[in-house]
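As you go down the protein sequences, you meet chains A and B in turn.
To convert, note that position 219 of the first sequence is 231 in the numbering used here; the numbers rise steadily by one, no gaps.
To convert, note that position 284 of the second sequence is 292 in the numbering used here; the numbers rise steadily by one, no gaps.
Since the hints were derived computationally from the structure, they do not count as laboratory data.
Hints are not guaranteed to be accurate.
Claimed, not checked - Taking beta-carbon pairs under 7 Å as the criterion, some of the chain A residues facing chain B (in silico): (1) G267; (2) E293; (3) F295; (4) Y296.
Backbone N, C-alpha and C define an ideal beta-carbon position, used for all residues, glycine too.
Read off the chains here:
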Amino acid sequence: MPREITYREAVREAMIGAMRENEEVFLMGEDVGVYGGAFGVSRGMVEEFGEDRVVDTPISEAGYVGLCTGAALMGMRPIAEIQFSDFITHCMDQLVNQAAKIRYMFGGEGTVPMVVRTPGGAGTGAAAQHSQSLEAWFVHVPGLKVVMPSTPYDAKGLLLSAIDDPNTVLFYEHKLLYNRKGDVPEESYRVPIGEARVSREGGDVTVVTAGLMHHYVLEAAQALADGGIEAEVVDLRTLSPMDDAAVRRSVEKTGKLVVVEEDVKTAGWGAEVVSRIVEGESFYALDRAPARVAGADVPIPYNRDLEAHVRPTPEKVIDAVRSLLDARAGVYA
Amino acid sequence: MATELKVPKLGMDMEEANILRWLVDEGAAVEKGDPVIEIDTDKVSYEIEANADGVIRGLRGEEGETVPVGATLAFIAAPDEEFSEPEATVDGALPTTESTLPNEESVPSATRESSQLAEHLDGRRGVRASPAARRAAAMRGLAIGDVAGSGPGGRIYLSDVLEADVRQRPPEQAPAAAAPVVEESEVPTEPTVLPPGEAVEREPLSRVRRVGAERTARSFAEVPHFYLTRDLEVDRLLELRERLKAKMEPAPSLTELLVLAISRTLKDHPRLNARYVDGGQMEVNARVNLGIAAATDEGLVVPVLQGADTLPLRALVPAVKDLVRRAREGKLGADELSGGTFTISNLGMMGVDSFDAIINTPQAGILALGRVRTVPEWQGGEWVPRRVISATLSVDHRVADGADGARFLQDLQVALLDWELLL
Numbered sequence: 013m014p015r016e017i018t019y020r021e022a023v024r025e026a027m028i029g030a031m032r033e034n035e036e037v038f039l040m041g042e043d044v045g046v047y048g049g050a051f052g053v054s055r056g057m058v059e060e061f062g063e064d065r066v067v068d069t070p071i072s073e074a075g076y077v078g079l080c081t082g083a084a085l086m087g088m089r090p091i092a093e094i095q096f097s098d099f100i101t102h103c104m105d106q107l108v109n110q111a112a113k114i115r116y117m118f119g120g121e122g123t124v125p126m127v128v129r130t131p132g133g134a135g136t137g138a139a140a141q142h143s144q145s146l147e148a149w150f151v152h153v154p155g156l157k158v159v160m161p162s163t164p165y166d167a168k169g170l171l172l173s174a175i176d177d178p179n180t181v182l183f184y185e186h187k188l189l190y191n192r193k194g195d196v197p198e199e200s201y202r203v204p205i206g207e208a209r210v211s212r213e214g215g216d217v218t219v220v221t222a223g224l225m226h227h228y229v230l231e232a233a234q235a236l237a238d239g240g241i242e243a244e245v246v247d248l249r250t251l252s253p254m255d256d257a258a259v260r261r262s263v264e265k266t267g268k269l270v271v272v273e274e275d276v277k278t279a280g281w282g283a284e285v286v287s288r289i290v291e292g293e294s295f296y297a298l299d300r301a302p303a304r305v306a307g308a309d310v311p312i313p314y315n316r317d318l319e320a321h322v323r324p325t326p327e328k329v330i331d332a333v334r335s336l337l338d339a340r341a342g343v344y345a
Numbered sequence: 009m010a011t012e013l014k015v016p017k018l019g020m021d022m023e024e025a026n027i028l029r030w031l032v033d034e035g036a037a038v039e040k041g042d043p044v045i046e047i048d049t050d051k052v053s054y055e056i057e058a059n060a061d062g063v064i065r066g067l068r069g070e071e072g073e074t075v076p077v078g079a080t081l082a083f084i085a086a087p088d089e090e091f092s093e094p095e096a097t098v099d100g101a102l103p104t105t106e107s108t109l110p111n112e113e114s115v116p117s118a119t120r121e122s123s124q125l126a127e128h129l130d131g132r133r134g135v136r137a138s139p140a141a142r143r144a145a146a147m148r149g150l151a152i153g154d155v156a157g158s159g160p161g162g163r164i165y166l167s168d169v170l171e172a173d174v175r176q177r178p179p180e181q182a183p184a185a186a187a188p189v190v191e192e193s194e195v196p197t198e199p200t201v202l203p204p205g206e207a208v209e210r211e212p213l214s215r216v217r218r219v220g221a222e223r224t225a226r227s228f229a230e231v232p233h234f235y236l237t238r239d240l241e242v243d244r245l246l247e248l249r250e251r252l253k254a255k256m257e258p259a260p261s262l263t264e265l266l267v268l269a270i271s272r273t274l275k276d277h278p279r280l281n282a283r284y285v286d287g288g289q290m291e292v293n294a295r296v297n298l299g300i301a302a303a304t305d306e307g308l309v310v311p312v313l314q315g316a317d318t319l320p321l322r323a324l325v326p327a328v329k330d331l332v333r334r335a336r337e338g339k340l341g342a343d344e345l346s347g348g349t350f351t352i353s354n355l356g357m358m359g360v361d362s363f364d365a366i367i368n369t370p371q372a373g374i375l376a377l378g379r380v381r382t383v384p385e386w387q388g389g390e391w392v393p394r395r396v397i398s399a400t401l402s403v404d405h406r407v408a409d410g411a412d413g414a415r416f417l418q419d420l421q422v423a424l425l426d427w428e429l430l431l
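Kindly generate the complete structure, drawing on both the sequences and the hints.
Dropping the structure here:
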């Protein structure tokens, strides 16, 4: 039965559903228990499942992500919550050298079916150490999957798929998504990892995005439509493995590509989207040079005005699309 | 270090220029201010002067070639300066660091590449087309070089290929099966099916005509035109001209008298001396800058008489004559071709009775004038001859309505009958 719930509730519902179905699933992280999580995602869960399955940890990301890696290797289905995705820097060894490699190095004898949930992104005035979008790092590591759902529906469906998945999955939430509402069925369902979704059809330009930016892009697409430009919006939903086939299908139709991502532009995952389109046959579908709208290559400023200045906005998306379609695009002067 | 000589930007919408003629050779000594090269922009020919004293080095771009604004044309070096070319830049780009290194025997390869790149950009050698355009052309058997590009510097987009493809298809009704395929010798790649005994010649449009083609197409597609046609009685105007012939040197033509009357009358009709602004606004121009359509060998040119509403007749007549003459010679400055607020087009001297003109955007109106005709008018129980010209006003319906245009034409008629009202 469809009903509207928030993104936060959708994530919680997926965790509760999985924990009721499967005793091997547990949640571990800082303040996830009595406090209910820094953003309230696990509120009420310790009351139902007890402290053995909703485990508060010390401030020790490397420790408990390592613990979860070991538990997963032994057949459990851990969900680790990293309070702010910036703190993931502490557990890079566990994630990159252990979780991502074990299945490969042991010839499939062991797997690490772990989910690392973490909120990324800026826009909350939380400054440079609590606002980063570092998801591209993990897109770069074979052996890890990276998902970044933008809607409550996808959050629930993708989290359940991530818990099922025999590989380690980084599950990127966004602080500004938690209160967004959307239709979510009460029953259990799965959204497959690695499948993008065309959330708006159009013939003039393809705009590829994920996470919170998807909402900015939809806003921009509406404004562009008022001006007679029909944008096709592709929500990647999963960054790795990347559904470039979906992007290619759209670009074959429109001939124009804009990627909108919140992480910094240099070596961001948007560069990967563009590369995959320009290096294959789909290059010959392009009628304009592709463009990226991304965060500025700077730490996120604490000052609110500066923070707003360095982040992508619907207006920046509109400008990028307009200048791409401008007849004068590519003038040298 | 050598001074770079670039293609200047002469007008707001200037993007590129044709090289008409080099006036100097490689190695020629020049002084600052000497004319170096003659270029041809959208609507004017222009001589570029040397911007330093020295010797011309690294001259690039051939006569007849199209080059973008900001492209390097040549360098002017000191006579004894050991000149190395790779400093060529496109506007906005910094010189490569290599170029500041001493010019040693082995030129670093990066320098050579950057110089080739600059040369490529400047000289526009080779075809520039989007990947999609290239694929579409290949699939249709079109030579990409034969497709006219609509992008900057003639860049070819997919839409250009699709248009070219439609154009090259034989008309449906032609007896295609029986018709022989005629190969054009100059364009070897594109077979054209033609009726027997006929042939086409393809030639590139002049810059003026290409710009005109784009602008008129856009105006006709985007601006909602409507047309008001009426006869204007000109007996009094013709008498006035006869009188002034004896008194003024140079003598005013009918067009010049009409320019004066129209400019003065427009002042009272701000909606026709305005422009539509996207988002539901209009801008009314305080002055009347009257565009006067002039036919030239290169195509239609519209020189603008700035402040036409304030010029006394004695100043207006020579100013119009001068503008039209220089328009025909292609010698107008960019500022004399822009800023118009209303346009008139007179084809009367070519025997046309009346016609509908396309609005010269972003202006709100254009007045098309026909020849002087003598028509009978039933007056006081008898037919009397009247001399009239047909005037057709094209109006942008977003800023003015039929009644606005009709009132303007009525006031113009009153002024032509009673010339003193304009004083």
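Verification of the supplied hints:
{"no.": "1", "hint": "G267", "in the structure": "5 Å, holds"}
{"no.": "2", "hint": "E293", "in the structure": "9 Å, violated"}
{"no.": "3", "hint": "F295", "in the structure": "5 Å, holds"}
{"no.": "4", "hint": "Y296", "in the structure": "4 Å, holds"}
In terms of the numbered hints stated before, the structure departs from hint 2 and from no other.
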